[in-house]
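A.B. asks: FYI, this note's numbering numbers position 222 of the sequence shown as 222, with every residue one higher than the one before it.
A hint or two may mislead.
As the list claims (entries may be wrong) - What follows is a list of derived Cβ distance ranges for each label pair:
no.	residue 1	residue 2	range
1	E373	L92	15 to 25 Å
2	E373	V264	43 to 53 Å
3	G165	D289	23 to 33 Å
4	K322	G352	43 to 53 Å
Rather than coming from a laboratory, the hints here were simulated on the basis of the structure. All values reported here derive from a predicted model rather than from experimental measurement. Where a beta carbon is used, it is the ideal one built from N, C-alpha and C, also for glycine.
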Amino acid sequence: MNTPGPRGRSRAALLGWLLTGLLLTALVGGWMILRLSLPPTTGELALAGLQAPVSIRFDAWQRPYVQAADLGDALQAQGWLHAGNRLWQMELLRRAGRGRMAELLGADLLPTDRELWRAGVPQLAAKLEANASARTLALIDRYLAGVNTVIQAYPLLPPEFLLLGAKRPHWGRRDVFALGALMAFQSANNMHNELLRLALANRLDGERFALFLDQPGARGNYPFVLPAPTSMTTLARAMDRLALTDPVSNPLLPRLGFGSNGWVVAPGRSASGAALYAFDSHDELGLPDLFYEVHLFFGEGRQLRGWSVAGLPGVINGFNDKIAWGFTNTGDTQDLFMETRSPDDPLLFRDGDQWYRARTEEVSIPVEGGEPETLVITH
1 MNTPGPRGRS
11 RAALLGWLLT
21 GLLLTALVGG
31 WMILRLSLPP
41 TTGELALAGL
51 QAPVSIRFDA
61 WQRPYVQAAD
71 LGDALQAQGW
81 LHAGNRLWQM
91 ELLRRAGRGR
101 MAELLGADLL
111 PTDRELWRAG
121 VPQLAAKLEA
131 NASARTLALI
141 DRYLAGVNTV
151 IQAYPLLPPE
161 FLLLGAKRPH
171 WGRRDVFALG
181 ALMAFQSANN
191 MHNELLRLAL
201 ANRLDGERFA
211 LFLDQPGARG
221 NYPFVLPAPT
231 SMTTLARAMD
241 RLALTDPVSN
251 PLLPRLGFGS
261 NGWVVAPGRS
271 ASGAALYAFD
281 SHDELGLPDL
291 FYEVHLFFGE
301 GRQLRGWSVA
311 GLPGVINGFN
321 DKIAWGFTNT
331 GDTQDLFMET
341 RSPDDPLLFR
351 DGDQWYRART
361 EEVSIPVEGG
371 EPETLVITH
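Model the full structure from these sequences, guided by the hints.
C.D. replies: If you want it as structure tokens, here you go:
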């Protein structure tokens with residue numbers, strides 16, 4: 001049996017040290033990239049646009065407490081916090097709300113962009129911006145000043161941007177409204193269940209169909225009327241336009257009874273003598289989570305504390321020195337209509353005995369690594 005000589009052993013040792021050095025260099029380099037993409041938690045920074053000095057302290061759980069002279073300064077600091085800690089999450093949410101996921105992630109995300117455009121999410125964002133008050137826009141601008149300070153001033157963006165070669169973004173008003181429109185759509189997205197119920201009604205008799213509507217322990221019964229059988233071709237066409245698979249095999253099936261709730265306890269019934277409010281906004285857990293806890297103090301004893309969403313100024317669920325609030329908005333807020341179209345002209349649809357011409361809207365969806373897609377939406 002041959003054994004390596006002194007020279008062979010020295011070469012193997014040298015190679016081992018080289019590999020160890022390369023590994024340590026990669027680890028240190030990765031740590032530096034991560035560190036440089038995060039905002040500092042100590043020291044002083046100069047933020048243009050502040051009306052007065054702002055202080056931010058973090059508790060043991062890294063929850064931020066902002067002390068500012070007025071609400072505008074507090075929101076600018078909040079924008080700085082959001083972008084410094086959740087910029088990649090913000091990037092994905094704003095792109096989804098604007099129907100531009102494929103621009104970053106390629107053609108595989110085109111079905112998502114198409115569905116969001118057909119559902120009207122980017123269009124809603126434009127309407128919200130157009131109808132916003134001057135004061136609302138001014139406060140959003142203060143928030144955006146904090147967001148864009150992080151984007152422009154920090155030497156490195158989060159590693160996800162580097163890995164995908166994403167450009168340094170610039171946030172505008174439309175991005176804020178797009179994120180709000182996306183949240184509204186996701187919270188009320190029951191149109192898939194409309195198709196699921198219709199598919200079940202086509203395949204089951206009344207007694208079996210009722211089993212899917214029964215809620216154990218619930219008082220009373222769900223009233224329901226089975227619709228006339230729908231053409232499965234029509235149903236399949238509707239699912240195709242919404243980028244759905246067979247609804248009976250859809251993972252949404254267990255969510256037929258999905259809902260939301262809120263509870264209020266009167267002061268006379270609470271141990272503290274104050275009113276109690278509990279709610280369940282039914283948002284799924286994520287990493288990072290959708291919500292970002294923040295505590296804003298401003299002016300003469302004013303406060304705004306609770307759950308914020310990175311990309312939106314203010315607090316979604318929380319409390320101040322006077323009241324508490326939260327949302328519980330998951331319900332049946334969407335309806336689908338199957339229109340009868342003319343076989344001679346697909347833009348003509350029937351309403352009773354009358355035929356009406358649909359409006360069309362063309363949207364160009366950018367695609368990473370490919371040509372833009374033109375999507376025609378009918379209204």
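A.B. asks: Does each hint hold? Answer for all of them.
C.D. replies: Now the hints, each set against the structure:
1. E373 <-> L92: 15 to 25 Å: For E373 and L92 the Cβ distance comes to about 20 Å; the hint holds.
2. E373 <-> V264: 43 to 53 Å: Since the Cβ atoms of E373 and V264 sit about 48 Å apart, the hinted range of 43 to 53 Å holds.
3. G165 <-> D289: 23 to 33 Å: holds, 27 Å
4. K322 <-> G352: 43 to 53 Å: Since K322 and G352 have Cβ atoms about 52 Å apart, the given range 43 to 53 Å holds.
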